[in-house]
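Asks: Given the sequences, and given the hints that come with them, work out the whole structure.
Spelled out from the first residue to the last, the chains are:
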Amino acid sequence: MRRINWLGLAFLSPALVMVTLFFLLPVVLTGFFAFTNMSTATGVMGGDYLLNTSTLRALADQGLPKETLAKLEAGGYRVDEAGLAALAAATSPATADELAQLHAGAEFSDRRDMERALKDLRANAIRNTRDRKAATELFKRSILNERFSEEAAFRAALSETGTRPELSDQITEAAFTGWVWTTDNVKLLFALPSTLRYAANTLLYVTLTLAFNVGFGLFLAITTFYLPKGQGALFRAIWFLPRILPPVLYVLMWRWFTWDTGFLSTVSGYLGMSPKNWMLDTSYHAWTAVVLINGFVGASMGMIIFSSAIRAIPTSMLHASEVDGASRWQQVRWIIVPQLAWPILFITCYQTLSLLTSFEYILLATDGGPGRSTEVWSLAAYHTALSNYGGNLEYGLGASFALVLVVIGIGASLIYFRLFNFKRLITKPLIEG
Amino acid sequence: MPAKNWPILLLLTVVTLPLLIMCGYSVIDAFTDTAPGSLVPTRFTLEHFRFLWEPVAEARGSIWVATANTFVFATTSALVVTMVSLTAGYALSRLNFPARGFFLAGLIVLHAFPTITLIIAIFLILQMLGLYDTLIGVIVVKTALELPLGIWIMKGFYDTVPWEIEMAGVQDGASRATVWWYLVLPQVQPGLMALILFSFLSGWSEYILPQVLAPGSDARVLSTYLSSLILDDTKADFNLFKAVGLFYATPVVVIYLLFQKHLMNIYGGGTKG
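For the record, the sequence lines run as chains A and B. All residue numbers for the first sequence refer to the numbering used here, where the first residue is 345 and numbers rise by one. All residue numbers for the second sequence refer to the numbering used here, where the first residue is 129 and numbers rise by one.
Calculated directly from the structure, the hints in this document are not laboratory data. All of these numbers come straight from a predicted model, not from anything done at the bench. Check the hints yourself; a few may be wrong.
Calculated lysine-lysine pairs in the PhoX-like style (CA-CA distance at most 25 Å, straight line) [what the hints assert, rightly or not]:
no.: 1; chain 1: A; residue 1: LYS477; chain 2: A; residue 2: LYS463
no.: 2; chain 1: A; residue 1: LYS484; chain 2: A; residue 2: LYS415
no.: 3; chain 1: B; residue 1: LYS132; chain 2: A; residue 2: LYS573
no.: 4; chain 1: A; residue 1: LYS620; chain 2: B; residue 2: LYS363
no.: 5; chain 1: A; residue 1: LYS463; chain 2: A; residue 2: LYS484
no.: 6; chain 1: A; residue 1: LYS415; chain 2: A; residue 2: LYS477
no.: 7; chain 1: A; residue 1: LYS410; chain 2: A; residue 2: LYS484
no.: 8; chain 1: A; residue 1: LYS573; chain 2: B; residue 2: LYS363
Replies: Structural data, given as structure tokens:
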């Protein structure tokens with residue numbers, strides 16, 4: 345009989361809540377955000393309806409008829425409560441009362457008509473021209489630059505301007521300041537030539553760094569294996585530093601090393617060369633720096649895993665080969681490396697995924713420069729959505745960049761799950777079983 | 129193997145030299161002055177550590193606020209990750225409950241998944257929740273993203289505890305919760321220690337999350353303090369940078385030297401990219 349232990353779910357629930365909220369939800373929402381035009385301009389939460397001169401310009405570009413634009417821009421004059429109250433405050437209540445008796449609710453499309461109405465008041469006529477012009481302005485009712493929080497109110501105001509009803513959808517859409525659903529991001533992603541550039545950069549970055557990680561990790565593991573125990577451990581401890589040092593500090597050391605007043609420039613200065621920035625001088629310098637900076641960190645992981653795999657090789661095999669007269673190179677080539685096939689595959693898979701998506705070290709070292717030569721896909725997502733010099737952060741477009749990586753990430757994780765047969769890790773618990 | 133080792137030693141020393149130079153000069157330059165165009169320090173000075181007792185113009189903010197924030201950030205996230213992983217890891221390792229296989233498979237997939245791709249969505253979620261630019265927000269996010277790895281590690285430690293201990297406890301009539309608390313927890317104490325240290329170091333070093341989710345000066349941590357110092361300055365004062373860097377890295381190096389054995393259990397598991 346198998347008993348079900350509810351304690352298990354209770355023990356798991358805090359983790360489930362946190363992982364769902366800040367892990368699974370972001371995965372799903374990346375998919376949603378990728379199909380919006382969210383940006384600094386639209387904000388993250390809802391929006392208002394607002395027509396201003398730049399909206400009108402955009403509408404003109406969309407081919408809105410000139411007369412409609414003129415109507416939206418001009419507006420008209422209406423004798424309403426708000427205007428009368430303002431008039432009473434500006435002149436006298438008697439003036440406002442008389443205007444209300446004669447013209448309450450009246451509308452004038454022309455400024456001169458409104459002025460005439462004020463001039464022709466019998467008892468309280470406003471004779472001074474400047475006063476009359478100011479009073480006229482109190483009754484001007486325009487949709488321009490007025491902010492509506494409700495769509496219905498905006499549409500009502502729009503119809504009052506006399507715009508043709510069939511155009512109101514288009515105008516309302518243009519006037520909305522919040523974000524809307526759109527597939528433009530995906531189209532843009534395929535249309536932009538820089539997309540291909542970022543993809544190519546990413547491919548180059550992952551390939552070179554991975555080759556360095558595996559090759560140099562193997563080199564460190566094998567050489568330290570042949571050293572006496574203490575010396576080998578010392579070198580492994582030193583090569584572990586890039587991994588445990590905080591990234592900001594680790595990249596700072598590289599910046600100094602390659603700076604035009606730093607180590608490389610000083611040493612080459614001894615040789616009579618002029619100082620230069622060895623990290624950002626040309627794109628070749630930048631790529632070398634990016635691969636080495638990431639490679640030193642990645643190689644230490646390879647080193648640890650390969651080292652423990654090498655130690656697991658039965659020493660009798662190595663001794664036997666020595667008796668047979670094998671050189672060290674032959675030992676490495678025919679005994680050690682074949683035994684490491686599985687760890688090498690593991691490191692390759694694991695690091696492909698993490699290199700594909702990581703940008704921390706590149707951001708700190710070259711920030712994608714010089715130009716955009718070391719801008720990889722994930723860094724482009726970061727720059728688009730979270731940090732750029734223009735100041736308008738395009739969250740939606742950035743999310744569609746990220747969505748590509750999220751999809752690759754999920755796919756790769758699932759493939760690794762099968763490849764490394766993680767199912768065998770799922771053993772049945774014994775007590776209830 | 130007594131064969132001649134000096135060629136290997138020489139080769140390793142040569143390839144390690146850049147790293148040694150970088151680390152060595154980080155310490156040397158923090159305490160000395162050097163004439164331009166030279167690598168030989170001319171005098172000893174503590175002037176580069178002036179940021180400790182007076183505000184540095186370029187840094188916009190006190191180092192002590194940043195240090196306190198970093199400590200709170202790293203400690204809180206480490207404790208929460210460890211506590212939650214302690215129960216969740218046990219559940220996944222030992223208890224039988226509905227959909228256990230699904231949760232285990234999900235955990236394995238999540239722990240391989242690169243979390244940094246989620247940063248844009250998380251940024252927007254924090255804005256909607258009103259947690260943007262607060263230390264709380266960064267702590268919660270860091271904890272959640274670190275959890276799959278923490279649970280995975282903790283489950284690994286539970287898996288090594290012999291079943292006989294629990295069987296004996298259950299036979300004697302104790303509940304599973306009692307058995308876990310009194311019998312199993314003492315067995316995984318080294319793992320618990322390793323996980324706390326690992327998550328503390330991970331929080332202490334974290335850069336991208338505070339940079340994106342809490343860029344204001346109230347929630348500034350040491351990594352963003354140092355990076356803003358480096359990036360804002362038009363004339364690079366590497367002596368100052370290295371002094372700040374040394375101050376920042378000291379706890380990391382000390383913890384690493386003291387607890388190397390504990391930590392290797394985790395780093396060796398091939399778990400951090």
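Asks: The structure should be examined with respect to each hint, and the outcome stated for every one.
Replies: We went through each hint and held it up to the structure:
1. Proposed proximity of A:LYS477 and A:LYS463 is supported: the alpha carbons are some 10 Å apart, at most 25 Å.
2. Annotation: proposed proximity of A:LYS484 to A:LYS415 holds, straight-line Cα distance about 13 Å (limit 25 Å).
3. At most 25 Å may separate the alpha-carbon atoms for a hinted pair to count; B:LYS132 and A:LYS573 meet this at roughly 14 Å.
4. The hinted pair formed by A:LYS620 and B:LYS363 meets the criterion: a straight-line CA distance of about 15 Å does not exceed 25 Å.
5. Proximity of A:LYS463 to A:LYS484 is assessed by CA-CA distance (about 16 Å); at most 25 Å being required, the pair is judged to hold.
6. Our distance criterion of 25 Å between C-alpha atoms is met by A:LYS415 and A:LYS477, whose separation comes to about 21 Å.
7. Distance restraint check for A:LYS410 and A:LYS484: the Cα-Cα separation of roughly 21 Å lies within the 25 Å cut-off, and the hinted pair is therefore satisfied.
8. For the hint linking A:LYS573 to B:LYS363, the alpha-carbon distance of about 45 Å lies beyond 25 Å, and the restraint is violated.
The structure shown violates just one earlier hint, number 8.
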